[in-house]
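> Turn these sequences into a full structure, and let the hints guide you.
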Amino acid sequence: MASWRTLWDNAWGFKERNRRPPRDPVNALLSLGYTLAGNSVGHLASRYGLDLALGFLHIPSRNRPS
Numbered sequence: 001m002a003s004w005r006t007l008w009d010n011a012w013g014f015k016e017r018n019r020r021p022p023r024d025p026v027n028a029l030l031s032l033g034y035t036l037a038g039n040s041v042g043h044l045a046s047r048y049g050l051d052l053a054l055g056f057l058h059i060p061s062r063n064r065p066s
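Each residue of the sequence shown is one higher than the one before, starting from 1 at the first, in the numbering used here.
Some hints could be false.
Simulated DEER-style distance windows between Cβ atoms [what the hints assert, rightly or not]:
#1 PRO22 - ASP51: 29 to 35 Å
#2 ARG20 - ARG62: 20 to 26 Å
#3 LYS15 - LEU50: 36 to 42 Å
#4 TYR48 - GLU16: 34 to 40 Å
#5 ASN18 - ASN39: 33 to 39 Å
#6 SER31 - ASN63: 19 to 25 Å
#7 LEU50 - ARG20: 23 to 29 Å
#8 GLY49 - ASP24: 36 to 42 Å
#9 LYS15 - ARG47: 34 to 40 Å
It is worth saying that the hints were derived from the structure and are not from the lab.
Think of the CB as a built atom: it goes at the ideal place given N, C-alpha and C, for glycine as much as any other residue.
Quick look at the structure:
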């Protein structure tokens, strides 16, 4: 019986997590999923009146949500 790692390596070429830019299809899909999830959460938070630029662990910035 083949291990999951062998199946992933053979089918998708996935070896490790990388980004900016993602170097294989699995990392590209992970990056897309994280972006879509982050946008959905940000949209819902702003819809309910939460300030996305207000940060407790980061310095507030106009150019990005905290």
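> A separate judgement is required for each hint: does it hold in the structure or not?
Hint-by-hint comparison with the structure:
1. PRO22 - ASP51: 29 to 35 Å: 31 Å, holds
2. ARG20 - ARG62: 20 to 26 Å: 22 Å, holds
3. LYS15 - LEU50: 36 to 42 Å: Hint holds: Cβ distance 38 Å, inside 36 to 42 Å.
4. TYR48 - GLU16: 34 to 40 Å: The hint (34 to 40 Å, Cβ to Cβ) holds, given that TYR48 and GLU16 are roughly 37 Å apart.
5. ASN18 - ASN39: 33 to 39 Å: 22 Å, violated
6. SER31 - ASN63: 19 to 25 Å: 20 Å, holds
7. LEU50 - ARG20: 23 to 29 Å: 27 Å, holds
8. GLY49 - ASP24: 36 to 42 Å: 40 Å, holds
9. LYS15 - ARG47: 34 to 40 Å: The hint (34 to 40 Å, Cβ to Cβ) holds, given that LYS15 and ARG47 are roughly 39 Å apart.
Checked against the numbered hints above, the structure violates only hint 5.
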